[in-house]
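In the order they appear, the protein sequences are chains A and B. Those letters in the first sequence? Residues 196 to 480, by the numbering used here. Those letters in the second sequence? Residues 137 to 436, by the numbering used here.
Honestly, I wouldn't trust all of these hints.
Below, a sample of chain A positions facing chain B; criterion: calculated Cβ distance under 7 Å [to be verified]:
#1 Ile261
#2 Phe274
#3 Pro277
#4 Tyr289
#5 Val300
#6 Thr301
#7 Ala302
#8 Thr303
#9 Glu306
Covered stretches of chain B (in silico footprint by chain A; criterion: 3 or more residues with CB under 8 Å from a CB of chain A, positions within the stretch not fixed) [what the hints assert, rightly or not]:
#10 267 to 280
#11 350 to 362
Restraint-style ranges between C-beta atoms, simulated for each label pair [stated by the list, open to error]:
#12 A:Phe318 - B:Ala390: 32 to 42 Å
#13 A:Phe318 - B:Val393: 36 to 46 Å
#14 B:Gly218 - A:Gly269: 21 to 31 Å
#15 A:Pro226 - B:Ser248: 53 to 63 Å
Since the hints were derived computationally from the structure, they do not count as laboratory data. The beta carbon of each residue, even a glycine, is placed where N, CA and C say it ideally should be.
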Amino acid sequence: MTDGENTMDEQGTTAEGPVIAMRGVRADLGPRPVLRGIDLTVRRGEVVALLGANGSGKSTAVRTVIGQVPVTAGVIELFGTPRRAFRDWARVGYVPQRTTAAGGVTATVTETVASGRLSRTRFGLFRRADHAAVRRALELVGMADRAKDSVQALSGGQHQRVLIARALAAEPELLIMDEPMAGVDLASQQVLARTLEEQVSAGTTVLLVLHELGPLEPLIDRAVVLRDGCVLHDGPPPKAVGQHSPKLSTSSSSRGCPQPGHDHVHPHDDAAGAGPIRTGLGLLN
Amino acid sequence: MELLDYAFMQRALLAAVLVGVTAPAVGIHLVQRRQALMGDGIGHVAMTGVGLGFLLGTSPVWMATLLSVVGAVLMELIRWYGRTRGDIALAMLFYGGMAGGVMFINLAPGGSNANLTSYLFGSLSTVAPSDVTAICLLAAFVVLVTLGLHRQLFAVGQDEEFARVTGLPVRALNLLTAVTAAVTVTVAMRVVGLLLVSALMVVPVAAAQQLGRSFATTLAIAVAIGVGVTLGGTVTSYYQDVPPGATIVLLTIAAFVVLTALAAPLARRRARALAAAPPAGDPAECAIPATRAADGAAGV
């Protein structure tokens with residue numbers, strides 16, 4: 196399957212192993228199977244968007260990668276190490292889905308971002324370089340002037356920028372983001388897109404869950420579309436948006452996933468691009 | 137100051153300062169995790185320890201420390217594994233602890249509920265020299281943990297999932313927080329009393345939050361309030377012959393009320409300053425719920 200994708204000819208892929216490798220991953224939430232056999236490979240330097248409707252399993256897929264949702268079957272590897280044995284978490288920057296829930300005590304922007312640096316410190320002792328890294332992360336997201344403000348006083352977009360700065364404070368090689376654009380104002384969206392662009396050009400690998408491609412579209416190398424816990428599409432991000440075509444109901448049996456590479460359609464295969472995949476994304480916009 | 141001439145008052149004041157420092161230092165982490173009432177639960181369990189101490193003729197302080205640590209660890213385990221029945225299990229732990237304390241102390245030779253009262257509500261004259269050693273050691277442990285691990289404890293309290301993904305040993309840190317809270321309960325037991333300990337963990341933090349914008353300043357203000365009210369309450373208790381625990385707690389609540397009244401105009405001024413300079417990109421906020429609603433309507 197990965198061989199097939201290599202024909203897309205991304206720049207930057209080398210002989211190195213993938214940063215994230217998921218094979219046949221299944222996961223349940225309660226009695227309900229949420230992932231029914233996911234294959235997903237993210238190579239070094241790639242920007243992969245995980246798309247799909249609500250309940251398609253895209254957030255769960257990401258949360259299995261970081262070990263927050265138990266896997267019932269399949270294999271997950273991070274930087275070539277099985278996820279269970281993976282300890283080098285400083286290489287991973289995680290941006291959770293922003294919630295309004297916060298701790299019961301006020302904290303400043305700097306204090307929040309500093310939490311993200313802990314993985315690079317020994318026993319939580321901050322050296323000068325660590326303070327500098329926190330400051331740099333705040334500058335990257337344009338929040339340096341709010342460093343001493345309480346996070347409770349921020350808007351949704353500013354809060355999201357703080358959460359991204361927190362992930363960047365460890366200077367990670369892999370960024371995992373869960374809906375970074377949800378509920379974010381336009382100005383912050385542009386700042387986030389610019390920040391991400393800088394990270395990507397510096398060689399950071401990115402896996403992000405998105406509801407729509409939006410302003411991040413030019414950055415994305417590959418889109419993986421999930422539906423009902425199965426991979427429906429794995430290929431270049433669909434370009435056209437806003438079309439109407441409802442025919443989405445053919446694939447995906449109730450239990451396992453269909454064999455990848457057989458029943459889904461690569462949009463780049465047909466020039467006109469009237470495939471069901473693209474229209475599925477049209478709905479998302 | 138003639139009250140410093142009495143050895144028992146010296147011990148009581150020393151214990152008061154240690155309580156004033158440690159209770160808010162631990163309490164801020166409990167408040168951050170929204171477990172403000174954990175100290176109260178631990179206090180109930182510690183009663184069994186006090187009763188056992190009397191019954192077995194060992195130091196009630198050390199016995200209470202042991203039992204409250206066990207209780208705190210149990211509470212943390214119930215939080216992990218207990219789902220819907222978690223609160224029932226906690227209730228049994230609390231009331232079992234209290235009932236055990238009353239039962240054991242009545243079984244102890246010459247023991248009665250009168251012995252228990254000084255532990256429940258605090259007392260100045262009963263801080264024995266051996267208690268002072270125990271209180272100093274336990275307080276040193278609490279200060280070491282809360283200062284030494286403040287960044288880790290903060291990270292776990294603010295966002296547990298993120299803390300796990302940074303590789304922090306979240307379970308161990310949660311257990312350590314519970315144990316530290318348990319130790320604090322026994323530090324505060326002699327002066328404030330088991331039933332009022334929790335107030336000193338929570339109320340100074342709540343009061344400090346009216347002023348502090350950062351976690352660090354909130355902690356500093358909370359400790360200052362804690363030391364202020366425990367010293368003030370102890371001294372008042374000496375001169376007016378009123379129970380120290382109740383005096384300290386009422387003083388703490390008074391501090392909360394005063395600071396809240398002072399903070400309200402401050403907050404208004406801050407809000408006005410923010411309103412004068414609206415954050416950029418505000419108009420776009422309205423557009424986003426609209427597109428989301430469209431998504432929902434499309435049935436995806």
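Going through the hints against the structure:
Look at Ile261 of chain A: its Cβ gets to within about 5 Å of chain B, closer than 7 Å, so that hint holds up. At its closest, the beta carbon of Phe274 of chain A sits 14 Å from a beta carbon of chain B; the interface hint therefore is violated under the 7 Å criterion. The closest approach between the C-beta of Pro277 of chain A and any C-beta of chain B is roughly 16 Å, which is over the 7 Å cut-off, so the hint fails. Hint status for Tyr289 of chain A relative to chain B: holds, with the closest Cβ pair at about 4 Å, below 7 Å.
Interface restraint check: Val300 of chain A against chain B, minimum CB-CB distance 4 Å, threshold 7 Å, status holds. Given the 7 Å rule on beta carbons, the hint for Thr301 of chain A holds: about 6 Å separates it from the nearest Cβ of chain B. Checking Ala302 of chain A against chain B by beta carbon gives a least distance of about 4 Å; that is within 7 Å, so the hint holds. The beta carbon of Thr303 of chain A is positioned within 7 Å of a beta carbon in chain B (closest approach about 4 Å), and the interface hint is therefore held.
A hinted interface residue such as Glu306 of chain A counts as satisfied when its beta carbon comes closer than 7 Å to some beta carbon of chain B; here the least separation is about 5 Å, so the hint holds. Coverage of the region 267 to 280 of chain B by chain A is violated [criterion: at least 3 residues with CB-CB distance below 8 Å; count 0]. Closer than 8 Å: that is the beta-carbon criterion, and the region 350 to 362 of chain B has 4 residues meeting it against chain A, so the requirement of 3 holds. A beta carbon spacing of about 40 Å between Phe318 of chain A and Ala390 of chain B agrees with the range 32 to 42 Å that was offered as a hint.
Judged by the Cβ atoms, the range 36 to 46 Å given for Phe318 of chain A and Val393 of chain B holds: they are separated by roughly 40 Å. In this structure the hint that Gly218 of chain B and Gly269 of chain A lie 21 to 31 Å apart at CB holds, the actual value being about 30 Å. Roughly 55 Å separates the CB atoms of Pro226 of chain A and Ser248 of chain B, a value that falls within the hinted 53 to 63 Å.
Figure legend: structure checked against the earlier numbered hints; hints not met, in rising order: 2, 3 and 10.
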